[in-house]
Amino acid sequence: MKYLIDALKNPGGYFASTPLSVVCAVFAAMFFVFTVVYSFRHMSGRKGLWRYYIYILATFLATLGILFSANFLLLLVLWGFLGLMLYLLIGFGREEGTPESARKSLAIIGGTDVLLLLGIVLIWSIRYGSTGLPGFLRLPFAGMGIQLDTTGSVIAYLCLASAAFAKAGAMPFHTWLPDTARDAPVPVTAFLPASLDKLLGIYFLARVTLEVFVMTPAMNTVLMALGSVTIMAAVMMALVQHDLKRLLGYHAVSQVGYMVLGIGTGNPVGIAGALFHMFNNTIYKSSLFLAGGEVERRTGTSDLARLGGLVKAMPMVFAAFLIASLSISGVPPFNGFASKWMLYQGVISGGGTLWVVWLVAAMLGSALTLASFMKLVHSVFLGQPSQISREVIESREKTGFFTILPLAVLSLLCIGLGVIAWKIPFADYFRPGVGGELHMPGIWQSGPATLVLLAGLVIGYLIYLSGSIRKARIVAPFIGGETLEKNPDMRVSGVDFYRTIREIGILKVIYRLAEKKLFDLYEVLQKIAAGFGIVFSFMHNGILSRYLLWFVIGLAVLCIVLI
Amino acid sequence: MGRTIIPIGPYHPLQEEPELFTLTVEGETVVDIDVRIGYNHRGIEKLSEMKTFENSTFVVERICGICSTSHPFAYTRAVEDVFPMEVPIRAKYIRTIIAEGERIHSHLLWLGLAGHFLGYNTVYMWAWKLREEILDVMEILSGNRNNYAMFKPGGVRRDIKPEDIPICIRKIESILPTLDMLKKAVLDDPVLHARLKGVGVMTYQEAIDFSALGPTSRASGVARDVRKDSPYGAYQEMEWDMIVTSNGDVFDKAVVRILEMFESAKIMRFCLEHLPGGEIDANIKDVPPGEGIGHIEAPRGETFHYVKSDGTNRPVRHKVRAPTFMNLPTYKATVQGETISDATIILAAIDPCYCCTERIAVKDTGGRILYGGKDLIQLSREKTDRIKRRMGVR
Amino acid sequence: MSLKLKALLKSPWVFHLSTGSCNNCDIETLDCLTPRFDIERFGMLLAGSIKHADVLLVTGSGNRMSVERLKALWEQVPKPCLVVAIGTCAASRGIFKDSYNCPQPLDQIIPVDVYIPGCPPKPEAIIAGVVKLIERVGGSQ
Amino acid sequence: MTREEVLLDFTSRFHEDILDLYDKSHSRVYITVRPESMVRIGTYLFRNLGARFNIASGTDMPPNIEILYHFIVEDINLLISLRVLIDREHPVMDSLGKDIEALNWIEREMSELLGITFTGHPDPRRLLLADNWPEGVYPLRQDYEEWDEKADRTRGV
Amino acid sequence: MTFVYLIVFGFAATAALGLVTSWIDRKVTARVQYRVGPPFLQPFIDIVKLLGKETVIPAGASRGTFLMAPVIGLAGVVAAATLFWVNQFFEGGFMGDWIVAIYLLTVPSLSIILGGFASRNPLASLGASREMKLVMAYELPFILATLVPVIWAGDLSISGIIENQSDGITAGHLSGIIALIVALLCVQAKLALVPFDIPEAETEIVEGPLVEYSGPGLAVFRLMKNMLLFTLPFFLIILFFGGMRLNGINILWTLLEYVGIVALITVIRNTNPRVRIDQAVRFFWGPMTVLATAAVVLALNGI
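Residue numbers (my numbering), protein chains in the order written: chain A, 1 to 563; chain B, 1 to 394; chain C, 1 to 141; chain D, 1 to 157; chain E, 1 to 303.
If you are wondering where the hints come from, they were derived from the structure by calculation, not from laboratory data. A hint or two may mislead.
List time: in silico DSBU-like cross-link candidates among lysine-lysine, alpha-carbon distance up to 30 Å [claimed, not checked]:
1. B:K197 / B:K285
2. B:K129 / C:K132
3. B:K161 / B:K228
4. A:K471 / A:K527
5. A:K312 / C:K6
6. A:K471 / E:K27
7. C:K132 / A:K516
8. C:K6 / E:K27
Restraint-style ranges between C-beta atoms, simulated for each label pair [said to hold, decoys possible]:
9. E:V267 / B:K197: 38 to 48 Å
10. C:P80 / D:D131: 23 to 33 Å
11. D:P134 / B:T24: 23 to 33 Å
12. A:G145 / E:I177: 43 to 53 Å
Examples of chain E residues toward chain A, derived with CB under 8 Å [claimed, not checked]:
13. A59
14. T82
15. V211
Ideal Cβ placement from N, Cα and C applies to all residues, glycine included.
Working from the sequences, and respecting the hints, build out all of it.
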């Protein structure tokens, strides 16, 4: 209590502001506004909306708290609070009952919160072990520079990193994310897992890596390996998904890989790239989720097999979705490319001996991202309309202003941040946060390049003008003389686009294992727990004394372990 | 989930004739297939009932452009079977020469198209270049490139001039080395192996169940060839081999066809060299009442004609069964489980000829030869020359 | 003659439609592509999709089923597009005049620009026909 | 088995079902059988004797419709044509296509061109005729008449 | 102003050379097949003709996307070509590096995919999905193979790669040769030529994504493809032969290299059948990736 009063008296010791936290806070505020605006329409008609808005507000405030916190313990408390908020917010995805995924995310995030606590304790014991409890409460979240030379410090780093990973959704703590994306209401997904959690996780990881610890090459390699694996594995899983939101959820995981990779380079360029990528990711990912949410609201489903051809019903949403898709796939000159390019520079100059591996994983990951987004674009917006889509198109409902506004702003940001590249956001905000000399081996002049691309578009348009484009005639598609109207089955749904890939060699085995959830930490632990459960049910037979006996034995074992 | 119908046809570059195959696919894998034919049905069986026995030959010739020998051959044999009667030995030899020439040109055509379907346009061009030589031989022998108009009940319509024989033999000999080269190019290409081997396998039992015919069944190990089983024409006069392979995949079907060309060339050469003298026509006047069946081995398999006569000069019923009619349904056994890319080549591998399948030619009452092919050809040839001169092309 | 029309005449891409033929005309049409005749000399190519076609080569006697599709396809062709009826069947149904499944001659279904008679016309005749058509179109402008 | 053995075996086995046997030549035999026993005989020929199915040809011969099922026993070069006569007014026949794949299409064809109903056929759709072809008009019947008023029979060479 | 000239040059020169290359390709193909082949101006005439044709848009398709797609692709090629030209002939070079080039070169494929999807045609959708799979397949070995020159040059920028090869071209090393072979096959797939013309397989899925395009849309797509036919060999020359050198005897060498690459592409396309998409993916992810990796390892070790 005393320290709480102390803290209130003297906030400077507990809160601090860095350029990075300021820009993060600005973004968080922006997403907060968008989410609320978007929710007006999307969430209308649901029960307990006041609770929903309070949760959102609380989440936002807690986020601000974390961003400006300069104290580990304060951070820990708010961190845990966010996890709880997420749990509560996921619950709004259903009319009644809390979905399994909410429990899953609470378990994973809560579990890593415990690791976070452990890590903090370890740091305290390394640094201020002698000063006792007061020192623990005052443990500052800045400039410690702990060397990663002892087992304790390595474990402490890994614990903190795990918490960051779980929050951001990097492997191996990613599994809550796709499930959450499927179950939670879209604004929640866009707000928390896609934006704020990423922001916080990567922010935390960057600060821990840069300020609390001094990285070693080995730890860098571990981070980069984790990042690369996250990129590849998540994107491969995303390729074969057939639910819109789940697919986006896997991409939320995959993109974290880039950031982890960037931070793992330990190179100022890489870290700056990672932070830049984090912002870009929150922008286009929110845009994607919001657009996807609109699709789901209008059609009532997010199953790709039942969607298609929606571009006629919602051209604006499609445009935003396409821009965000191109952005996430790293097509120049959108913002995704700018940050990925920086990341690659970091990897090339700071990737160590295995830089080729990381680089190729990241670049291939981006091609695969493009592939899965093309699948989405086809099976949701383009291609032939499904039954549901046809009804939606015929209803002629206009997309609401509150839906368009966030999408439009986000799309503009996608283009804008890409074209001005890192010049403004980077020079003013990330660079002070990162420090060090920035040397980039390559060249990317987004301004001239954009001009050239624009010129290409103009040339194409001129070619069109010289042709007969203005008096275009609408005719039936050519499918060998048959008509689509008579054959509604002649519809490529896009769900099975990459089945061929799935059935190639070793991938077949991996996919089969992944479907059995063998790579899902939570499920595996649950299975193990279920195995224990069988033993337990054998052991408890309903007699109180027996329970007592087990309880005592357990206590004894616990004591022995702890001592 | 995710099932889609992919149409192949009716107007599709894969097919010369319109047919609609609907492939039900999951991803790229074909799980079901259905076919809708009838885009080519012209009612030839009915037409044939309206024409005299003599004129029906021309209708039958136009069942199919590629089989323009097989159908008249089977038809004339059916009419001759009504008596039954034998045709003069020289006519038999001439018929055999024409039939084998057609087999070579048909197989080359198939080979070229198969290459085309696989995107291997070089094979397509080479095979068709070679085919032109055979067509030249046919033009020398019959005066026409395709619809030869050589057959009539009781014999042949046109004799082979003795001075043409050495020219033809030379031509046939000249194509053999190129054919050999083509054979090596096709059969030794590793990419082709990867593409064709083990694809669209039809087992022996399936070949029996579907009563598959010709090279399609011979590739599955069914050693059946009408030329051997119930000899006709001059086939029993010489030695030749029936080509049988056992895998039943697309590659084997190609192998059978390519090797058969060599046999055909052998037969053709033998017949030309040993052409006996004598009449070429038995001059049938009236066809007695009765029934006749003629079946011969066309390039694609057995062609079957059934003719019923009531003593007038027109058939009461003329039933035509082209080999594709029996071969085509085998797609059910061969295509399922393959990919779309393979489906197209599997469909092509049975050498489908839908115009045959949808014959039902009807006999025509008229009796006039509706189109004197030769005259028109002559006209068009002159026209072409004129235009060529005008355009300055060679 | 405008540049675009000139270009059209120098690069006519043909699409081949069979409406119930004996295949011979179709084969001879394909033959035009092959080494001996090689219509690519004149810039002609066989188009895969009807939307790329400048010239429709129609063969066959107008079978009921294909004629229905032919009408629909004619709508889909980007104009200007020329129609060439190849073979006696396409010109007048020839031997199939009385067939129950070939009710109408081709030119009652879609407008035909040029007829190339013959059963089948030789590849030379087909090329000549198309060339004549080109000359006619070029001359009338 | 020789030709004589096959024929003897066949006639003795299906003595009851055979109405008439016409031994035309050494490779052609025409056997008239009862319609109701056709499936049994056809299956026996195809499965047990190893005959290949050639084709079936239906002919409209008022007052009957005659179907000839042609099978060939290739080892002895014998073409066996099984003749079945069914009533023209009620042309119903048991389907062989449900047992033997090879007969699937020809039965579809006969049913649309001659109007024969094959009971038990697995896939009784149209095979050749256009979708707009009227029901109940069978082109291969002797009394077929032009039904399409748009038809133009004047042009030809 | 210089910039405008650059872009116009980048477009015009690339288009002209691309059309000529397309003619070479068609002519060589014809000669291999004992044919005469098209006249010299044929590719150009084709484009002009297509411009004069009517535009037809498939019913129910998204008009905007359908018409935008070819233009996006063209912009991608123009940008990539300009990038190469600028770095080739300007001191220092600017605009982008190897990574940018790789990304810009996927834009044409992307445009074809988008166009196919927007066509509302099952065949086009199927073709576009195949194109996407093909991109996934060849991207991995292509990145690896083109990384070899980067390793040799020790520089990411295009101009740096060119400069650093002035005293020894990449293809002069063993790793360079291996990488060149891999890159050449990837280029074959990028150009969608046999044996990798799977997306447009004319005899399977009727030109695939291009099935619905007519008139100007098709003209732009064809122009884009023809420009790619020049741009990709140019990229290979930059990476493996130290760029185009237009002084003295080197002109001949450059010409030889260029024609050699184009001829190889043409010969490969004329001596192979089309493979299946799964075979293509296996081929690129299997042997090609192994080869490319070997080349990278060799290059890292200075062989």
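Hint-by-hint comparison with the structure:
1. B:K197 / B:K285: Violated - the C-alpha atoms of K285 of chain B and K197 of chain B are around 53 Å apart, more than 30 Å.
2. B:K129 / C:K132: Judged against 30 Å, a Cα distance of about 26 Å means the pair holds.
3. B:K161 / B:K228: Satisfied, since the Cα-Cα distance of roughly 29 Å is no more than 30 Å.
4. A:K471 / A:K527: 64 Å, violated
5. A:K312 / C:K6: Given that 30 Å is the threshold and the Cα spacing comes to 38 Å, the pair is violated.
6. A:K471 / E:K27: 35 Å, violated
7. C:K132 / A:K516: Distance ~68 Å between K132 of chain C and K516 of chain A Cα, so the pair is violated.
8. C:K6 / E:K27: 22 Å, holds
9. E:V267 / B:K197: 38 to 48 Å: The hinted range 38 to 48 Å is violated for V267 of chain E and K197 of chain B, with Cβ atoms some 24 Å apart.
10. C:P80 / D:D131: 23 to 33 Å: The hint (23 to 33 Å, Cβ to Cβ) holds, given that P80 of chain C and D131 of chain D are roughly 32 Å apart.
11. D:P134 / B:T24: 23 to 33 Å: 30 Å, holds
12. A:G145 / E:I177: 43 to 53 Å: Holds: the Cβ-Cβ distance is about 49 Å, inside 43 to 53 Å.
13. A59: 5 Å, holds
14. T82: Status holds, d = 5 Å.
15. V211: OK, holds: V211 of chain E within 8 Å of chain A, min 6 Å.
The earlier numbered hints that this structure contradicts are 1, 4, 5, 6, 7, 9.
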